[in-house]
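Enquirer: Sequence:
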Amino acid sequence: MNWEEGSPLSLRAATLCIDDTPTFSLGTVGDSISRAFLADGRLADAPLLNWSSGIDLAKTNKESHLNRLINLATSNNFHIRAANVAVSGARIQSLPQQILSLKNQPRLVYATVLMGINNLCQDDITAAQFLSDFEDRLESSLELFLDPQHFPTPPLILVSSLPDITQLFSVPSLRENSQCQIAWNLACPNWQGTMLLSTYASMNQAISRVVTRLNHRQIVYDNGALAGQGFSASHVSTVDCFHPNQEGQELISETLWNAIDIQNDYRDLIPF
Numbered sequence: 000m001n002w003e004e005g006s007p008l009s010l011r012a013a014t015l016c017i018d019d020t021p022t023f024s025l026g027t028v029g030d031s032i033s034r035a036f037l038a039d040g041r042l043a044d045a046p047l048l049n050w051s052s053g054i055d056l057a058k059t060n061k062e063s064h065l066n067r068l069i070n071l072a073t074s075n076n077f078h079i080r081a082a083n084v085a086v087s088g089a090r091i092q093s094l095p096q097q098i099l100s101l102k103n104q105p106r107l108v109y110a111t112v113l114m115g116i117n118n119l120c121q122d123d124i125t126a127a128q129f130l131s132d133f134e135d136r137l138e139s140s141l142e143l144f145l146d147p148q149h150f151p152t153p154p155l156i157l158v159s160s161l162p163d164i165t166q167l168f169s170v171p172s173l174r175e176n177s178q179c180q181i182a183w184n185l186a187c188p189n190w191q192g193t194m195l196l197s198t199y200a201s202m203n204q205a206i207s208r209v210v211t212r213l214n215h216r217q218i219v220y221d222n223g224a225l226a227g228q229g230f231s232a233s234h235v236s237t238v239d240c241f242h243p244n245q246e247g248q249e250l251i252s253e254t255l256w257n258a259i260d261i262q263n264d265y266r267d268l269i270p271f
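Quick note, the sequence shown lines up with residues 0 to 271 if you use numbering that gives the first Met the number 0.
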């Protein structure tokens, strides 16, 4: 079966007649983590290996959320489309545009949101309005999913906490590697700043507050699961000692899938 990102993944044989099989979509918004940048060792995105919608992510049987949703299906009479509109290098300022780019996808049933690491790493985190701006932008962005003008039926939305990159910078085998330090200076200029840890914690608190305020069953926070997940040198690219490799992508997928328990708590929101 041939498949390309953004095209339907058919779960039954194609026919020459008019196909009235229902088509659903899974949306992925975010940054280079969700584009699986460097996941296959190349200095490029590897979206087929991303934790959210990568159909090739199954090295250790820890599949992407797309594949896990397909495994929950009670029927194979449907198509599903993976719409990964995440952009490497993206910051919270671009989240509304990414979300709105999903509105023309066939019946969006599930969306994942993991955004903020580039703001933490690249922005002036000492600015007085940094945290409030991040929180306001996240809330207004997520509200777009609930606007019937854009999404007549809102999808189930997983909002992830931010992974603990501050812990990654403390891994001895990485921190003592001069090449890693050079790469970190490029990927995360704030990595040695005194405010990084406290700002990181405050950003995750902001994410939690936003989901609590929105108080909508369709918007689900991981309750800090990804923030609490440890990462080792084996989970990051040897190229930059920062971005998740395939094993790291699998760990993210597993951690977030277990955190929200779609099978038991939200199965009724997945229409296949």
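To be clear, the hints were calculated from the coordinates, so they are not data collected in a lab. One or more hints might be untrue.
Cβ-Cβ distance ranges computed for the label pairs, FRET-style [to be verified]:
hint, residue 1, residue 2, range
1, V238, E138, 27 to 37 Å
2, Q96, P21, 34 to 44 Å
3, E138, S100, 17 to 27 Å
Built from N, CA and C at the ideal position, the CB exists for glycine as well.
Enquirer: All the hints need checking, so say for each whether the structure fits it.
Expert: Going through the hints against the structure:
no., hint, verdict
1, V238 to E138: 27 to 37 Å, "35 Å, holds"
2, Q96 to P21: 34 to 44 Å, "28 Å, violated"
3, E138 to S100: 17 to 27 Å, "19 Å, holds"
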